[in-house]
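Visitor: From just these sequences and the hints, can you work out the full model?
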Amino acid sequence: MSTADWQIMLTAALVATACGLLGPFLVLRRVALLGDAVSHAVLPGIVVVFLIFETRAPLPVIGGAAVFAVLCVLLIDALRSTGLVKADAAIGLVFPALFSLGVLGVQQWTANIHLDLDATIYGEIAFVPLQPWVIAGVELPRAAWELLVVVAADLLLVVALWKELKLTSFDPEFARTVRIAPALLSRVLLVAVAITAVTAFESVGAILVVTLLIVPAATARLLTDRLWATVALAVAVGWVSALGGYGVAVELDASIAGAMGLVAAVCFVVAFAGRRVLERRGSPA
Amino acid sequence: MDRLIDLIPLPYTDAVVALGALVLGVVAGVLGVVAVLRERSLVGDALSHAALPGVCVAFLLTGVKEAGGLLAGAACAGIVAAVCIVLIERGGRIRSDAAIGVVLSSAFSLGIVLLTAISNRHDADQAGLERYLFGQAAGLSEHDVVVTGALGLAGLLLVAVGFRALKTALFDADYAAAAGLPVRALDVGMTALLVIAVVVGVRMVGAILMVAMLVSPAVAARQLTDRLSRLLPLAGVLGAAIGVAGALLSAREELPTGPTIVLVGFAVVVASIAFAPGRGVLWSAAQLRRDRRRALVESVLVDLATALEAGPPPTEAELCDLSPRPPRELRRGVRALDRAGLLGRDGDRLRLTEAGAAAARRQLARRDEWSLWLEHGWRLRLPDAREPDPRDLERSIGPEAMAELRALAR
Chain X
1 MSTADWQIML
11 TAALVATACG
21 LLGPFLVLRR
31 VALLGDAVSH
41 AVLPGIVVVF
51 LIFETRAPLP
61 VIGGAAVFAV
71 LCVLLIDALR
81 STGLVKADAA
91 IGLVFPALFS
101 LGVLGVQQWT
111 ANIHLDLDAT
121 IYGEIAFVPL
131 QPWVIAGVEL
141 PRAAWELLVV
151 VAADLLLVVA
161 LWKELKLTSF
171 DPEFARTVRI
181 APALLSRVLL
191 VAVAITAVTA
201 FESVGAILVV
211 TLLIVPAATA
221 RLLTDRLWAT
231 VALAVAVGWV
241 SALGGYGVAV
251 ELDASIAGAM
261 GLVAAVCFVV
271 AFAGRRVLER
281 RGSPA
Chain A
286 MDRLIDLIPL
296 PYTDAVVALG
306 ALVLGVVAGV
316 LGVVAVLRER
326 SLVGDALSHA
336 ALPGVCVAFL
346 LTGVKEAGGL
356 LAGAACAGIV
366 AAVCIVLIER
376 GGRIRSDAAI
386 GVVLSSAFSL
396 GIVLLTAISN
406 RHDADQAGLE
416 RYLFGQAAGL
426 SEHDVVVTGA
436 LGLAGLLLVA
446 VGFRALKTAL
456 FDADYAAAAG
466 LPVRALDVGM
476 TALLVIAVVV
486 GVRMVGAILM
496 VAMLVSPAVA
506 ARQLTDRLSR
516 LLPLAGVLGA
526 AIGVAGALLS
536 AREELPTGPT
546 IVLVGFAVVV
556 ASIAFAPGRG
566 VLWSAAQLRR
576 DRRRALVESV
586 LVDLATALEA
596 GPPPTEAELC
606 DLSPRPPREL
616 RRGVRALDRA
626 GLLGRDGDRL
636 RLTEAGAAAA
646 RRQLARRDEW
656 SLWLEHGWRL
666 RLPDAREPDP
676 RDLERSIGPE
686 AMAELRALAR
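Chains X and A, in that order, give the protein sequences.
This note's numbering numbers the first residue of the first sequence as 1 and each following residue consecutively.
This note's numbering numbers the first residue of the second sequence as 286 and each following residue consecutively.
Worth flagging that the hints you see were computed from the coordinates, not collected in a lab.
Heads up, a few of these hints could be off.
One-sided and incomplete, this derived list gives chain X residues near chain A with beta-carbon spacing under 7 Å [said to hold, decoys possible]:
(1) VAL27
(2) ALA32
(3) ALA97
(4) PHE99
(5) LEU222
(6) SER255
(7) ALA259
(8) LEU262
Here are the simulated lysine to any residue pairs, SDA-like style, with alpha carbons at most 20 Å apart [as the list claims (entries may be wrong)]:
(9) X:LYS86 to A:PHE560
(10) X:LYS86 to A:GLU374
(11) X:LYS86 to A:ALA458
(12) X:LYS166 to A:ARG378
(13) A:LYS452 to A:ALA464
(14) X:LYS163 to X:ARG29
(15) X:LYS166 to X:ALA183
(16) X:LYS86 to A:PHE456
(17) X:LYS86 to A:ALA561
(18) X:LYS86 to A:VAL566
(19) X:LYS86 to A:SER569
All residues carry an ideal CB built from backbone N, CA and C; glycine is no exception.
Guide: Below, the structure written as structure tokens:
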């Protein structure tokens, strides 16, 4: 295996770790599609950065995108907390509106300039090794360094707020009575998802992040009832998808992100079928 | 058809777009209600992503980029995706949002892999295949409008015929199944219609707009009524209004059609959530303020009456000491009583006017009634088990029950 292979696999595994840490909480809170929503809602942020700073450099773009990603999740949270709109409908209202703002911006002000959205925010994991950064004598791709920071932050968040996140995910009413603010924790979690997603989009592309946020977490939900086991399994399924998917992609000469997503889907199907078989056997015939 | 378009006082293209937006608005509005009430709002997102592998397979099979074949592929893939979503939900462990997400990401991953497989064959004809389904807002033909209209009519007919079963299935699926209603057939029928509407709609307006067209009219209409029989037509009307308003606005300001419609829809939803009578955010806030104020005024009234009973008329400061309420609140209550003409002043001493004394007596009587209810209420035989309103017991349980309660207490 070449250095490039290792670097791509490392980057994918880092994305899988970050997504596996946060995904189970999204699935429990019925906002599994938040990653997909954020992937569309960041468009106006990119347009604004491009208009003001006239740049497509990665760091300002991540910054602008992150602002709108956070705006998107906070709007969804605010709509949901009125009690008049369910979480899924709130997502379906907010992200098309933000995306539309972005499209209007592109058509009104940047018509003469080439702003290829696919290339600007939706990175391609195959190109990750092309931008090496040397920090403290270690050479890793830029994306890997960024993701290392994100994974560390997510891990810190989940470990530090484990009890609170667990309680507010399962029983927000009880959490309120023991003075843990469910609304605040929900916002902290959603903002963490927004930042993680934006950083990961820029390096590996949107669809891989959306997939790794949902599918490993859903697979883990099929296999266990315990929260810590769900998170651990979600990270593990994410790693299997990342490493296995890369092997498949090299073998078939196919899209890396697509192959990783397919391996994750296969994991889900196996878990789903296995559960059905066990349930059949377990129930008295 | 031509005559209909001639009737609209707009240039030909704008008229077609407005008519298309109207038809799609009605169809998406009505079908969207079903999706939103089942917490499957984002099913349109999943179906439009699932179209990608469908288009790829259709292209691999036929080898040509021809609209009919690709559309059929997209529709088949949509139906497969919808069946997968329903199956995963039926498994019982994964809820609708995660089921939709799993199908969306799996289908799109498959689509990307198929795309790379197609491009690896060095087939020059494949360029732009992925763009076939996404973000084509402008190119709308009369043909599209007619197809959508026919489809919409079929959908509305199904909804009208199956209304009773649909209603039961939406609000209590288990009961509907137990009562022998064709729940599964209905679910399959509605999902199939949704798939076809999404596939046609995505061609017309793009994937993201389709999500918004399904969700916004349903959510806005839901704020205005609690009855399904009014919700469905209202969502259809709102969908049409949002579509036409967006189309006209975009034609006048020369803005892209799809995003303008989405933003008009979002504005309508925000307005309905804020202002909906009896339910909206502002309405609830005003109601809460009125309730709090009323409770404060009533309790300050009782405090003052109690103080007058016990001794000489108190000053405001003395009343503050007697009352358990924080002084600032109490002073606000006193001011409100003064404005209502229930309070008189002798120098800085407070007393009740005649109206005030009567109001205080009524209030104390109500408190006594509530104590009676707490003590003897369980012996009453009431027609329903709801807890009565402590602010007005007599109105909640009726005069006869009230008389019975008084008799029991004696």
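Visitor: Can the restraint linking LYS86 (chain X) and ALA458 (chain A) be considered satisfied, given a maximum Cα separation of 20 Å?
Guide: Holds, at about 19 Å.
Visitor: Given the hint that LYS166 (chain X) pairs with ARG378 (chain A), test it: the Cα-Cα distance must not exceed 20 Å.
Guide: holds, 18 Å
Visitor: Does ALA32 (chain X) hold up as a contact with chain A if the rule is Cβ-Cβ below 7 Å?
Guide: This hint holds: ALA32 (chain X) lies near chain A, its Cβ roughly 4 Å from the closest one there, short of 7 Å.
Visitor: Are the Cα positions of LYS166 (chain X) and ALA183 (chain X) separated by 20 Å at most?
Guide: The given pair, whose Cα atoms are some 14 Å apart, holds under the 20 Å limit.
Visitor: Does SER569 (chain A) lie within 20 Å of LYS86 (chain X) when you go C-alpha to C-alpha?
Guide: holds, 18 Å
Visitor: Tell me if PHE99 (chain X) is really an interface residue toward chain A, meaning its C-beta lies closer than 7 Å to one of theirs.
Guide: Status holds, d = 5 Å.
Visitor: Does the closest beta carbon of chain A sit nearer than 7 Å to the beta carbon of VAL27 (chain X)?
Guide: Holds: closest Cβ of chain A sits about 5 Å from VAL27 (chain X), inside 7 Å.
Visitor: Do the numbers back the hint for LEU262 (chain X), that is, is its least Cβ distance to chain A under 7 Å?
Guide: Hint holds; LEU262 (chain X) Cβ to chain A Cβ min 5 Å, cut 7 Å.
Visitor: Between LYS452 (chain A) and ALA464 (chain A), is the straight-line Cα distance small enough, at 20 Å or below?
Guide: Since the Cα atoms of LYS452 (chain A) and ALA464 (chain A) sit roughly 13 Å apart, the hinted pair holds (cutoff 20 Å).
Visitor: Is the interface hint for ALA259 (chain X) satisfied, with its Cβ closer than 7 Å to some Cβ of chain A?
Guide: holds, 6 Å
Visitor: Run the distance test for LYS86 (chain X) versus PHE456 (chain A): straight-line Cα separation, threshold 20 Å.
Guide: holds, 15 Å
Visitor: Holds or violated: SER255 (chain X) as interface residue toward chain A, Cβ cutoff 7 Å?
Guide: holds, 4 Å
Checked against the numbered hints above, the structure breaks none of them.
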